[in-house]
Amino acid sequence: MKLWTLALGFAVIAAPMVAEAHGPTRQKITITQEVAAPPDEVWARVGDFQDMSWHPAVHSTTGENGNEIDATRVLTLGEEGGPTIAEVLYKYRREKRSYSYRITAVEVDVLPVTNYSSHVTVKDGADGGSLVEWKGAFYRGYPNNDPPEHLNDEAAIKAVTGVYEAGLEALAAEFAETQ
Amino acid sequence: MILRALVAAGGLLAAPALADTAWVTNQSSGDVSVVDLEGKTVTATIPVAGQPAGVAAAPDGRHVYIVSPDTRTITEIDTDKRAVSRTLTLDDGGPTGIAVAPDGGRLYVTDWYEARVFVIDRAALKLIDEIEVGTSPSGIAVTPDGKRLVTADRDDDQVSIIDLATGTRRIVKTGERPFGVTIDAAGERAYTADVGTDTVTVINLESGTVIGQIPTGERPYAVALAQGKGFATDQYAETITVFDIETFEVIETLDSGEYPEGIATTADGKRIVFANWFSNSIWVIDAATFELIAEIEVGDGPRAFGQFLTAD
Numbered sequence: 000m001k002l003w004t005l006a007l008g009f010a011v012i013a014a015p016m017v018a019e020a021h022g023p024t025r026q027k028i029t030i031t032q033e034v035a036a037p038p039d040e041v042w043a044r045v046g047d048f049q050d051m052s053w054h055p056a057v058h059s060t061t062g063e064n065g066n067e068i069d070a071t072r073v074l075t076l077g078e079e080g081g082p083t084i085a086e087v088l089y090k091y092r093r094e095k096r097s098y099s100y101r102i103t104a105v106e107v108d109v110l111p112v113t114n115y116s117s118h119v120t121v122k123d124g125a126d127g128g129s130l131v132e133w134k135g136a137f138y139r140g141y142p143n144n145d146p147p148e149h150l151n152d153e154a155a156i157k158a159v160t161g162v163y164e165a166g167l168e169a170l171a172a173e174f175a176e177t178q
Numbered sequence: 000m001i002l003r004a005l006v007a008a009g010g011l012l013a014a015p016a017l018a019d020t021a022w023v024t025n026q027s028s029g030d031v032s033v034v035d036l037e038g039k040t041v042t043a044t045i046p047v048a049g050q051p052a053g054v055a056a057a058p059d060g061r062h063v064y065i066v067s068p069d070t071r072t073i074t075e076i077d078t079d080k081r082a083v084s085r086t087l088t089l090d091d092g093g094p095t096g097i098a099v100a101p102d103g104g105r106l107y108v109t110d111w112y113e114a115r116v117f118v119i120d121r122a123a124l125k126l127i128d129e130i131e132v133g134t135s136p137s138g139i140a141v142t143p144d145g146k147r148l149v150t151a152d153r154d155d156d157q158v159s160i161i162d163l164a165t166g167t168r169r170i171v172k173t174g175e176r177p178f179g180v181t182i183d184a185a186g187e188r189a190y191t192a193d194v195g196t197d198t199v200t201v202i203n204l205e206s207g208t209v210i211g212q213i214p215t216g217e218r219p220y221a222v223a224l225a226q227g228k229g230f231a232t233d234q235y236a237e238t239i240t241v242f243d244i245e246t247f248e249v250i251e252t253l254d255s256g257e258y259p260e261g262i263a264t265t266a267d268g269k270r271i272v273f274a275n276w277f278s279n280s281i282w283v284i285d286a287a288t289f290e291l292i293a294e295i296e297v298g299d300g301p302r303a304f305g306q307f308l309t310a311d
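Going down the list, the protein sequences come from chains A and B.
Note that numbering that gives the first Met the number 0 has the first sequence beginning at 0, numbered continuously upward.
Note that numbering that gives the first Met the number 0 has the second sequence beginning at 0, numbered continuously upward.
Chain A extracted, bound-state conformation (with noise of 0.2 angstroms):
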């Protein structure tokens, strides 16, 4: 469980990566969960930029400056002294129950994106529950024509909708136990 990886069944690979290359073709993905609860409880519980222990695969979350413009965090996965993934809220919109967030430093044999950006927004839902979407954009690890299979488009891909899947699932748990 020591890498978002591992955590949900990818290989671990390794690459050196320069930081703001980037391939050709920036990849897309839009993941929707229903959550049997109120948006605002929802909000409550994944509305803090500060805490990402809704995730199953983070351990720990410490930053700096809260919910304002520019706040960092660096999310801790698996266990202490497990590999970190450092993040900046770039916009926080709290009537639109709506955050945006991008990496700065990422490994890409823990995530095997670059240039990634996140948009986590709790929509009202069915019957008075939620509708939580989690979107993200990104390119694939390797920036250069004919990357290797681990670090293509799909791989990318593969691996974020693993991470979101993830984390809106065990969300949804947690809220349905608690109704």
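Since the hints were derived computationally from the structure, they do not count as laboratory data.
Worth double-checking, as some hints may not be accurate.
Unchecked claim - Sample of chain A residues with no beta-carbon within 12 angstroms of chain B, all distances over it, derived:
{"id": "1", "residue": "Ala20"}
{"id": "2", "residue": "Gln49"}
{"id": "3", "residue": "His54"}
{"id": "4", "residue": "His58"}
{"id": "5", "residue": "Gly80"}
{"id": "6", "residue": "Glu106"}
{"id": "7", "residue": "Lys157"}
{"id": "8", "residue": "Ala172"}
{"id": "9", "residue": "Glu173"}
Said to hold, decoys possible - Computed cross-link-like contacts, SDA-like style, restricted to lysine to any residue with a CA-CA straight-line distance of at most 25 angstroms:
{"id": "10", "chain 1": "A", "residue 1": "Lys90", "chain 2": "B", "residue 2": "Ser28"}
{"id": "11", "chain 1": "A", "residue 1": "Lys27", "chain 2": "B", "residue 2": "Ile295"}
{"id": "12", "chain 1": "A", "residue 1": "Lys134", "chain 2": "B", "residue 2": "Asp299"}
{"id": "13", "chain 1": "A", "residue 1": "Lys122", "chain 2": "B", "residue 2": "Gly256"}
{"id": "14", "chain 1": "A", "residue 1": "Lys27", "chain 2": "B", "residue 2": "Ser28"}
{"id": "15", "chain 1": "A", "residue 1": "Lys90", "chain 2": "B", "residue 2": "Gln212"}
{"id": "16", "chain 1": "A", "residue 1": "Lys27", "chain 2": "B", "residue 2": "Ser27"}
{"id": "17", "chain 1": "A", "residue 1": "Lys122", "chain 2": "B", "residue 2": "Glu294"}
None of the values given here were measured: they were computed from a predicted structure.
Note that beta-carbon positions come from the ideal geometry of N, C-alpha and C, so glycine has one too.
Given chain A's structure and the hints, the job is docking chain B onto it.
Coordinates of chain B only, in the frame set by chain A:
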């Protein structure tokens, strides 16, 4: 033809109302949406090779050229037939941005991977030359007189200004990681959208100096010019930063769809059109009043990186 060439970069000529067409590269769905901007409808969807991003309309309006970096394909679309007429597959590299010479004779294509520009003869649709530029060239534009070629060399934080007669290259430093580059109708200035510093850098092409820098929203992608103003698409901020091209002051910040990217000015200079990559739409905005005139759904992942408008 002359009119189109003159107004291609966003000039202010008095012109009759023109029917503009947008040729929108949809990178995720691998096709081109042909959008009638008057009727506000998609009139055709043209499948192309690979995952297209770059686009440039020829000044004569007969063809639009589409670039797919993954398959290294340059696709020529016949604008009357609204169909692919020819393709060229390059042997290597990652073709990204494209511009057509004002006389229509040559295509210039940046190679994201190999720090060069491919020079392609349009009539033969054949690679005839290469020009060395900086690292990861992306945006590209030619002055209306055809004398200068400008590339945004993203990972060198610079533009290259090529004298096409002599082949000499000058380098001007910009903000960090310039992506799109736009030249004004007079051919005097280039405007880069600097992804790394959230700025637009304004360059005097004759002197090769930076004459202004404007703060934008986060992750600007490209710039269009209209009505004495510049419009920068801010991908992460989901805004359009509007600035005065004389004072370089920010005038207004407009809302956009999600991840606004390629942006261009209509032939009459009155409207700007941009693609929203995540929202799968293009928006048309009045360049004077900033009113949202139209919101049109297109294919998946529209980038429209380049001069993607033609006028009938």
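* Hint numbers contradicted by this structure -> 1, 10
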